[in-house]
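**Student:** Residue numbers (our numbering), protein chains in the order written: chain A, 1 to 235; chain B, 1 to 377.
A few of these clues could be false.
[What the hints assert, rightly or not] Subject to a maximum C-alpha distance of 30 Å in a straight line, what follows is the list of computed DSBU-like cross-link-like pairs (lysine-lysine):
#  : chain 1 : residue 1 : chain 2 : residue 2
1  : B       : LYS104    : B       : LYS184
2  : A       : LYS214    : A       : LYS186
3  : A       : LYS152    : B       : LYS11
4  : A       : LYS131    : A       : LYS95
5  : B       : LYS288    : A       : LYS152
6  : B       : LYS11     : A       : LYS131
7  : A       : LYS131    : B       : LYS288
8  : B       : LYS104    : B       : LYS330
9  : B       : LYS11     : B       : LYS288
10 : A       : LYS95     : B       : LYS288
11 : B       : LYS234    : A       : LYS186
12 : A       : LYS214    : A       : LYS197
13 : A       : LYS131    : A       : LYS197
14 : A       : LYS186    : A       : LYS197
15 : B       : LYS234    : B       : LYS184
16 : A       : LYS152    : A       : LYS197
17 : A       : LYS95     : A       : LYS197
18 : A       : LYS214    : A       : LYS152
[To be verified] Now the stretches of chain B that chain A is said to cover, found in silico as 3 or more residues with beta-carbon under 8 Å:
#  : region
19 : 4-11
20 : 288-297
21 : 362-374
It should be emphasised that the hints constitute simulated quantities derived from the structure, not laboratory data.
C-beta atoms are modelled at their ideal positions from N, C-alpha and C, and glycine is treated no differently.
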Amino acid sequence: MTEPRVPEPLVRIRNVSKHFGEGETRIDALREVSLEVFPGQVVALLGPSGSGKTTLLNAIGCILEPSGGRMELDGDVVYDGRWLRSDLRRLRLDKIGFIFQFHNLLPFLNATDNVAVVLNLAGLDSGEARKRAVDLLDYLEVGNRRNAFPAKLSGGEAQRVAIARALANRPRIILADEPTAALDSKRAGIVMDLLRKLAVEQEAAIIAVTHDEKIFDRFDRIFQLRDGRLDTGGP
Amino acid sequence: MNLAYRDVRHKLGRFLLTCTGLGLLLGVVLAMIGIYRGLVVDALTIARAPGIDLWVVESGTRGPFAEASRIPGDTREAITRVGGVAAAGSITYQTVETEHQAGKLRLYVIGYELGRPGGPPRFVAGRGIVRSHHELVADRSTGLGIGDRIALGRNTFSVVGLTEHQVNSGGDPAVYITLLDAQKLQFDLAPPAYRVQLARGTGAAVRDTVNAVVARVQPNVAPDSVAESVRRWKHLAAITQEGQEAILTGSLVDRARRQIGLFTSLLLVVSAVIIALIIYTMTMEKLKQIATLKLIGAPDRTIIGMIVQQALALGFIGFGIGATLILTVKNYFPRRVVLEPDNVLVLAGIVFLVCLLSSGLGVRAALRVDPATALGG
């Protein structure tokens, strides 16, 4: 009888720290944070303002260089005391999807093109990129708004288009910054259900920074940050 | 997917309005360049009109345009006999103001000898002067038409022909009359003054005076050598056509030319600053979008391309609007606006460079944007 296969974590962080400034002005935003997030998991980063959750999200998103530690994303060691990849933007394009608090859709592109632009950047030709974008919008039940510009979309619709964009390249890691902050509780619930569904169906890891207590019960794990240190817990 | 085009298309009205504003500014720059060139061309037009090689004027002067020059009327006969001279003609220049259709008309009157060098260079309507008196060929910009009659001095002239682009360095349109009429106009005294002169016993003033004699030299003869021969007469000075043009551009219109040149340069600098500001502002308005693009993995070349393409589109559409505008209205300016293709191309090149440099500011700001700013918080 064979042992059940233990999945590899999609995000593995070991002793990651980040400080700003030196000497008396030094601020330790992250202090030796370690965590693992597995495929299919939806986890939350919680903490008061200044606790380091956005810094941690930026570090995982390869936007902010840590001061020390080791980071492994989707089996690829990207940081070990220094960046090990020079093409961090390409890494983000291929492996990480971002969902923002206020959707951050490009105002000059319609819903389809807001999704297609990511596929286009990844090298897909415009026709194929649009086709896949429309499929994604349909999947997220916002296909009927495919030609609408962001200014004409409701908050929930815009957030679903933003999720479609985050998923366009089928990234295995999705980072969300307050994904439900701009939504009412009903729509926040819909978005969280959607993220959970995606995590399971696409075997993706979803890490969300949130203050939204009404969705705490939708997470598999909650990482509590305090003064740059991590306390783990669960619902 | 061309992001620059999509962004422009999304805010097309605003973009076109910006292009139009820039176009008006570049139109003014083009107009100034045209006026600058027009000033030089106007200054040289009258001097080039006779198509001659040599100007014989009063000794010690640089006449007849830069300084007053008066020489005896029979000088032409002497010049004609100088070796190497093919043809010569006496010529007078004077400015008169007259009335036409209840308005003031300022004219540059050129008197010349029929059948000799110095007459109008070409006709756009009518014919040349054939009668010895009271016929006139006018520049089209005078507003006169064939058959019009106009009073000059105490005589009335009939317009028999029209020429074009014949104005003096001050922009006054030229009219051509016979030398005899011109001398009468220039030197005849009014009857009361004439009677006073008679009473004093001084008699009539000598009328056979001209401002210059113009000469064509024979083929294969250097104008300089003929000029050298003429200078042996101590009461005469000889200036080659090349020398005359140098005097006109170097002294007569020099200040005006420099003034307009300086103003044009200032306008160009102002345009460059405005283009830079517009492009920089356009980029700054998009910083959040640029941060988002960076965050989702857009390479720098995509972002640089977006800014540079928009900058160039702005410059060229603006330039196109400005050039079209000026080329359409240039003939309605009170003075000649001369725009040669090379002027337009040079300004287009400058606009291209300015747009590239200006977009550099925007590109610099865009490349410095931290993608984390897209996340906020």
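**Student:** Each hint: holds or not?
**Tutor:** Taking the hints in turn, this is what the structure says about them:
For a cut-off of 30 Å, the pair hint linking B:LYS104 to B:LYS184 stands: about 22 Å separates their Cα positions. Distance restraint check for A:LYS214 and A:LYS186: the Cα-Cα separation of roughly 10 Å lies within the 30 Å cut-off, and the hinted pair is therefore satisfied. In summary, the hint linking A:LYS152 to B:LYS11 is supported, as the alpha carbons are separated by about 15 Å, within the 30 Å threshold. A threshold of 30 Å between alpha carbons decides the hint, and for A:LYS131 with A:LYS95 the separation of about 21 Å falls inside it, so the pair holds.
Under the criterion of a C-alpha separation no larger than 30 Å, the hint pairing B:LYS288 with A:LYS152 is consistent with the structure, at around 19 Å. This hinted pair checks out: B:LYS11 and A:LYS131 have alpha carbons roughly 26 Å apart, not beyond 30 Å. Between the alpha carbons of A:LYS131 and B:LYS288 the distance comes to roughly 27 Å, so the proposed pair stays at or under 30 Å and holds. For the hint linking B:LYS104 to B:LYS330, the alpha-carbon distance of about 23 Å falls within 30 Å, and the restraint holds.
This hinted pair checks out: B:LYS11 and B:LYS288 have alpha carbons roughly 17 Å apart, not beyond 30 Å. Pair hint A:LYS95 plus B:LYS288 holds up; C-alpha atoms about 22 Å apart against a cutoff of 30 Å. For the given pair, B:LYS234 sits about 108 Å from A:LYS186 by alpha-carbon distance, which is inconsistent with the 30 Å threshold. For the given pair, A:LYS214 sits about 18 Å from A:LYS197 by alpha-carbon distance, which is consistent with the 30 Å threshold.
Between the alpha carbons of A:LYS131 and A:LYS197 the distance comes to roughly 22 Å, so the proposed pair stays at or under 30 Å and holds. Using a Cα cut-off of 30 Å, the hinted pair A:LYS186 and A:LYS197 holds, with the two alpha carbons roughly 17 Å apart. Only pairs whose Cα atoms come within 30 Å are accepted, and B:LYS234 paired with B:LYS184 is accepted, the gap being roughly 27 Å. Taking the CA atoms of A:LYS152 and A:LYS197, the gap is near 27 Å; set against the 30 Å cutoff, the hint holds.
For a cut-off of 30 Å, the pair hint linking A:LYS95 to A:LYS197 stands: about 18 Å separates their Cα positions. The suggested pairing of A:LYS214 with A:LYS152 holds, with an alpha-carbon distance near 27 Å, which does not exceed 30 Å. Note: the region 4-11 of chain B has 5 residues with beta-carbon separation from chain A under 8 Å; the three-residue rule is met and the coverage holds. Proximity of the region 288-297 of chain B to chain A, defined as three or more residues with a beta carbon under 8 Å from a beta carbon of that chain, is established by the 8 residues found.
Counting residues of the region 362-374 of chain B whose beta-carbon sits less than 8 Å from any beta-carbon of chain A gives 4, enough to reach three: the coverage restraint holds.
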